[in-house]
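Undergrad: The listed protein sequences correspond, in order, to chains A and B. As numbered in the numbering used here, residues 1 to 299 make up the first sequence, in order. As numbered in the numbering used here, residues 1 to 360 make up the second sequence, in order.
A hint or two may mislead.
[To be verified] Capping the alpha-carbon separation at 25 Å, the derived lysine to aspartate or glutamate pairs in DMTMM-like fashion look like this:
id, chain 1, residue 1, chain 2, residue 2
1, A, Lys263, B, Asp83
2, A, Lys263, B, Glu179
3, B, Lys98, A, Asp245
4, B, Lys99, A, Asp239
5, B, Lys79, A, Glu108
6, B, Lys79, A, Asp239
7, B, Lys160, B, Glu220
Read the hints as simulated data drawn from the structure, not as lab findings.
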Amino acid sequence: MSARATASVPAAEVWRPSQARRRWSGWLFYGLAVFSTLMGLVMLGALLFDIFTDGAREVDWHFLTNYPSRIADNAGLRSALLGSLWMLAFTAIIAFPLGVGAAIYLEEYAPDNWLTRFIQLNIANLAGVPSIVYGLLGLGLFVRWLALGRVVLAGSMTMALLILPLIIVASREAIRAVPDSLREGSYALGATRWQMVRQTVLPSAAGGILTGTILALARAIGETAPLITIGALTYVAFDPNGPLDIFTVLPIQIYNWVSLPQKEFHSLAAGGIVVLLVVLLAANSLAVYLRYRMQRRLQ
Amino acid sequence: MSEISRRRVLRAAGFGSLAAAGAAVLAACGETQVVEKVVTQEVIVEVPAPAGPLSGTILVDGSSTVGPISQAVAEEFQKQFSDVRVPVGISGTGGGFKKFCAQETDVSDASRFIKASEQELCDENGIGYIELPVAIDGIAVVVNQRNDWIGDSITTEELKRLWAPESEGQVTNWSQIREGLPNEPILLYGPGTDSGTYDYFTKAINGEEGASRGDFTPSEDDNVLVQGVSGDAGAIGFFGLAYYEQNAEILKALQVDGGSGPVFPTTENVLTGKYSPLSRVIFIYVSTVAAERPEVQTFVEFYLNNAASLVGQIGYVPMPAEMYDIALERFVSRKTGTVTALEGVNASPNSVLEAWKAGA
């Protein structure tokens, strides 16, 4: 068919319809790409709208400062919010130095041999392990073997394990993005390797490292499965007093409210999700701000 | 606005009797009179504190059915004894006993009796337990509202045909359940196999705990079961009565005929035991080791003194007052062991009461 067409009509005649088709397919692809982008935004918008219409009116000062209660009007999530913040703080304290340390070693010190490559491969694999598996590990290792009990610190250590691969991967990317010319400049001025890392590489990579860490922590605050496994509690009507105290967290409190038969508790759950989202968005904004500031300082 | 006032009215009605709530909704529609902060002011029986201020932490864990009761009691208890901390975990009746027998918790919530295997575990670790019933729960059998063929009731034989292990893959159509039912596929919904509700239902209907067909949709979250049954005309499921009462407008509960005529799962029928065999007593188990601690002792006494008023507020049926008194006596005299040791005792309220009176 096409062979006969090319034989009988001049080349320009063949070219024109083809050009229209190529232009059309270009627009089609553009449309698909825009659609894909909008899809995510629309879903997020729909989710936020749904949650906020259900839950926003539940969120007030009392909701944040009251303990959970059997009477929906009096119920709040103070203990869960504090538990989440305690857990998050200790997760950061544990995971940040370990993650950044590992990234510095892998990028700046480790020789390029099979062992290093093996470690790198495994870190990438660890990032894909389902979170419940970390929960079981935490239960066996921290709660039972180290005999910490079902406390904030056990939860933090489990969460630290969970997000460690994310922090290492993000930090390595950030460190690798530092141009070699800066490293060579440091050496040329007589810096040792440690001085070079501390005074040149880390300040340049700090924005990326912090962003990665904060995004990883944002994941930790939304996780439920590992904490249920290690035995975070459901109903807590007192403030956790430190890393060695028993606790509950926001996602568990939300799950508890959702599973109750009374519908007014389902609205409270939506309110809890609003609080969780606000904490998450605050963390993400902080990440964006830090990256912006670090980049400006570098320039 | 009408949604809000309806919610508030329901709350004001104390979550309980549906007829009353329904009438109240009708009455309240249009009115914007808002019943703000209706906190049911039940009289809380204060328990005299032993000498010296109480402090410490009492760990409660176990059944998701009993959990809300323990949470309500813990809430009131901590108002009176602010230095005692009573966290409540929910890891299922079985999960709760695992921790209880490993001496990780002080009080275990259970929606069924302790099993023989769990008794052995406790014995091995030297943990004695005091078995105390705290409320009565009915298990509602519900179908979709579009299901107009089943009528108003179902017999226990029909339930057995639906749920028996040998029905798996065989009984899949409503026409197989009763003469004259239409050719409609059956969709089964039930609580997860870890739950005490599942254990009790299978025992009461199929005769053996944990014996049922496997091709049903299980969920640990009863609200998922509610959604499932309300979404499909051929669906049937079972769960705690409180979940039916909160969703009566989208579900249809069946009267259950256990041989002496069909009975609807009302609070009244569950309390008197007429709704049989799907009424059951639910329990807390107190560790004898923990019971030596003054704060645990005071907490359990507070629990039994106040359960009757608190249980109603969260949608369960309180036991007859007599049973709370006997339970308190059992605790005070530290009577350990389970009444299931006796021949023929099941968790129906009358059976437990009879067993106690017989000196168990």
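Undergrad: If a hint holds in the structure, say so; if it doesn't, say that too.
TA: Hints versus structure:
Restraint check for Lys263 of chain A and Asp83 of chain B: the C-alpha separation of about 32 Å exceeds 25 Å, so the hint is violated. Restraint check for Lys263 of chain A and Glu179 of chain B: the C-alpha separation of about 38 Å exceeds 25 Å, so the hint is violated. A hinted pair counts as satisfied when its Cα atoms are at most 25 Å apart, and Lys98 of chain B with Asp245 of chain A qualifies at roughly 22 Å. As the CA atoms of Lys99 of chain B and Asp239 of chain A are separated by approximately 23 Å, the hinted pair is consistent with the 25 Å bound.
This hinted pair does not check out: Lys79 of chain B and Glu108 of chain A have alpha carbons roughly 58 Å apart, beyond 25 Å. Note on Lys79 of chain B and Asp239 of chain A: the hinted pairing holds, with a Cα-Cα distance of about 14 Å set against a maximum of 25 Å. At roughly 22 Å between alpha-carbon atoms, Lys160 of chain B and Glu220 of chain B fall within 25 Å of each other, so this suggested pair holds.
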